Amino acid sequence: MTVLFGQLFTGISIGAVLLLIALGLALTFGQMNVINMAHGEFIMAGAYTTYVLQQSITGAGWSLVVALPVAFVVAGTMGVLLEILLIRRLYARPLDTLLVTWGVSLMLQQLARDVFGSPNVQTRAPELLTGNVALPGGLTIANNRLFILALALAAVAALTLALRLTPLGRRIRAVVQNRDLAAVSGVPTARVDRTTFFLGSGLAGLAGVALTLLGPIGPTMGTNLIIDAFLVVVVGGIGQLKGSVIVAFALGVLQATGEYLTTLSVAKVIVFVAIVAFLQWRPQGLFTLRTRSLA
Amino acid sequence: MTAVTPAPPSIADDPAPTGVVPPARPGGRFRLRTAAGFAFGAALLFAVAPLVLSDFRLSLLAKYLCVAMVAVGIGIAWGRGGMLTLGQGVFFGLGGYAMAMHLKLADAGPGGMPDFMLLYGQLDELPLWWRPFASPWFALPATVLLPMVVAFGLGSLVFRRRVRGAYFAILSQALAAAMVILLIGQQGTTGGTNGLTDIKGFFGYDLDDPVNQRMVYFIIAGTLLALLALTRQLIHSRYGELLVAVRDGEERVRFLGYDPASVKLVAYVVAAGMAGLAGALFVPAVGIISPALIGIVPSIEFVIGVAVGGRATLLGPVLGAVAVAWARTTLSERFPGTWTYLQGLLFVVVVAFLPGGLASLWALARRRAGDAESRRRGWLPLGRRRVERTEVPAA
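In order, the protein sequences belong to chains A and B.
Per the working numbering, the first sequence runs over residues 1 to 295.
Per the working numbering, the second sequence runs over residues 1 to 395.
If you're looking for bench data, these hints aren't it; they were derived computationally from the structure.
Among the hints, erroneous ones may be present.
Chain B side only, calculated, beta carbon under 10 Å to chain A, not exhaustive [claimed, not checked]:
| no. | residue |
| --- | --- |
| 1 | Leu145 |
| 2 | Val149 |
| 3 | Val303 |
Ranges between beta-carbon positions, derived for each pair [as the list claims (entries may be wrong)]:
| no. | chain 1 | residue 1 | chain 2 | residue 2 | range |
| --- | --- | --- | --- | --- | --- |
| 4 | B | Leu354 | A | Pro188 | 28 to 34 Å |
| 5 | A | Gly186 | B | Arg160 | 55 to 61 Å |
| 6 | A | Gln7 | B | Asp107 | 42 to 48 Å |
| 7 | A | Leu181 | B | Leu32 | 52 to 58 Å |
| 8 | B | Gly249 | A | Thr263 | 42 to 48 Å |
| 9 | A | Thr220 | B | Asp209 | 58 to 64 Å |
| 10 | A | Glu127 | B | Arg160 | 31 to 37 Å |
| 11 | A | Thr262 | B | Glu125 | 37 to 43 Å |
Far from chain B, some chain A residues (derived; all Cβ distances over 12 Å) [said to hold, decoys possible]:
| no. | residue |
| --- | --- |
| 12 | Tyr51 |
| 13 | Ser56 |
| 14 | Val65 |
| 15 | Leu90 |
| 16 | Pro126 |
| 17 | Val156 |
| 18 | Ala157 |
| 19 | Thr160 |
| 20 | Leu161 |
| 21 | Gly186 |
| 22 | Val187 |
| 23 | Pro216 |
| 24 | Pro219 |
Predicted, not measured: the structure shown is a model, and the values here were computed from it.
Even for Gly, the Cβ is constructed at its ideal location relative to N, Cα and C.
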């Protein structure tokens, strides 16, 4: 039983990391139908922001608190720049966007290598997050994992509320459901796209801050994570968030269970096969946005 | 609704021009100019290159030509079929590993085990799935058929359910990721991160001998030319036209009574077979196959050469792949950091601003001339060919 819960929580914490990364992608992919391969490098930007802040703010706890909003803004700004300079011109060619943003991600990785050096760097975790929480039954849960889970859930909650309640959220939903109709109703779709890109990329920055708690920071840290996160969005279905939330945790648990029963490498293959099988059943993803548009 | 399986490519399939609209490309027959072009290419590869280049440069060229074979396949699947496959490394790797396994077993002699298995010492005897590769009659066909079977399996599942566009690209990339992790994880039987290295012989010939290296180069050059001839017939056949039609308007083709899934499947499987063949020939040319050569990054790098040369053309992918591979070797030796920036810039500039690749500059000049010709003959001028279908968001 303890083992089962332990695996379940490992899976959930893998899922929380996936979710943090996938949320931003779900926003941008869902609204603009473009694949942003540089999303992984926005994660990296968030992580390096934490590292840089820790050079000046010595208290590990405070630097983390400051890093969250700063990383959000840094990564978000990078996202907006990318949207204005490149992606905006390519909305009609989603596959080309994928390749172009891959090129951008290569350049950003090399930039990180030139600025911070090729070897990985490490941040200090605040003391509060280094310990474990002991649960009855001999089960322990690492504090940093718990923090990431809380951060992911907070991000989901904030995003959901923002999409439901704010005027901006209403405009985003309108553009996602029917871009042309939104445009003729007076929604400034280009500006909404840019804002969505800011939010989505900013969330990648938050994910970067969270990842500094789990391991070292390196120029290629984003590449390895981004594919799993894309799979989450593809399987979850685009145009809404709840699919991504469910699938992120489901894939995390599947990965952890597979890893426990077999090995890490076999678990990856199991996850891939499961995804292909799932898409046989629901090729559009878990939830699809139903609209009356004919497009 | 009748699902029409695509006709096999044949010379007789060339559609006759009807009405005032000319066929999309004149000439499905192996015309004189094409024959001259192939003769020129053959002379370049078989006579000029071996005479001009040193042994070292020639072996590098052999490596580039293997990359070019993968590029030809990507040109069919992506340029002609609109399927951006970011996992060609998987098929390249399947072909490469199948060949390398055979060569390792041949090196070890009958009943022997590859050196790395003895080194890791986890195994007492050869694993069951290695055994068939001892026979060249199994291993050689497997280098092509194994990738084709995998592509057929994935493709038939995915295309039939109309998973396409970016979804397909992500899935193909995830396949590459899974394959590499699997190879690294099973170190005892696959060689892990090191891959299969130190291959000495190639069907009884010593690979360290420069003469035999030349022989390998000639085999590779000949194979590439053969693949190009095959591709030329394929894209000028009726099937080739259908493939472009599926790329530009899948729903319309479906309404016409064809089955787009099988049209795409054929292109994907052919591309996989070419990548497998390329991987198999890469092994004797370079002497190694490893996860680092087939993962996510190399898989997407196969694509950039195709984009640079011109994705929808016959020669564009080959020339682009060779040019990019050559630039990588030359520049990354001298300025490793700069090359990464340059490669990134290449992706951005070519794909965003010159989606037809360098070939589109050539085509632009040709079209100017062609439009004048059409007007003279009273044909409708050819429309601007779109490089890629505008993706309509799913309702």
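- Query: Among all the numbered hints in the text so far, which are the ones the structure does not match?
  - Reply: 1, 2, 5, 9, 10, 11, 15 and 24
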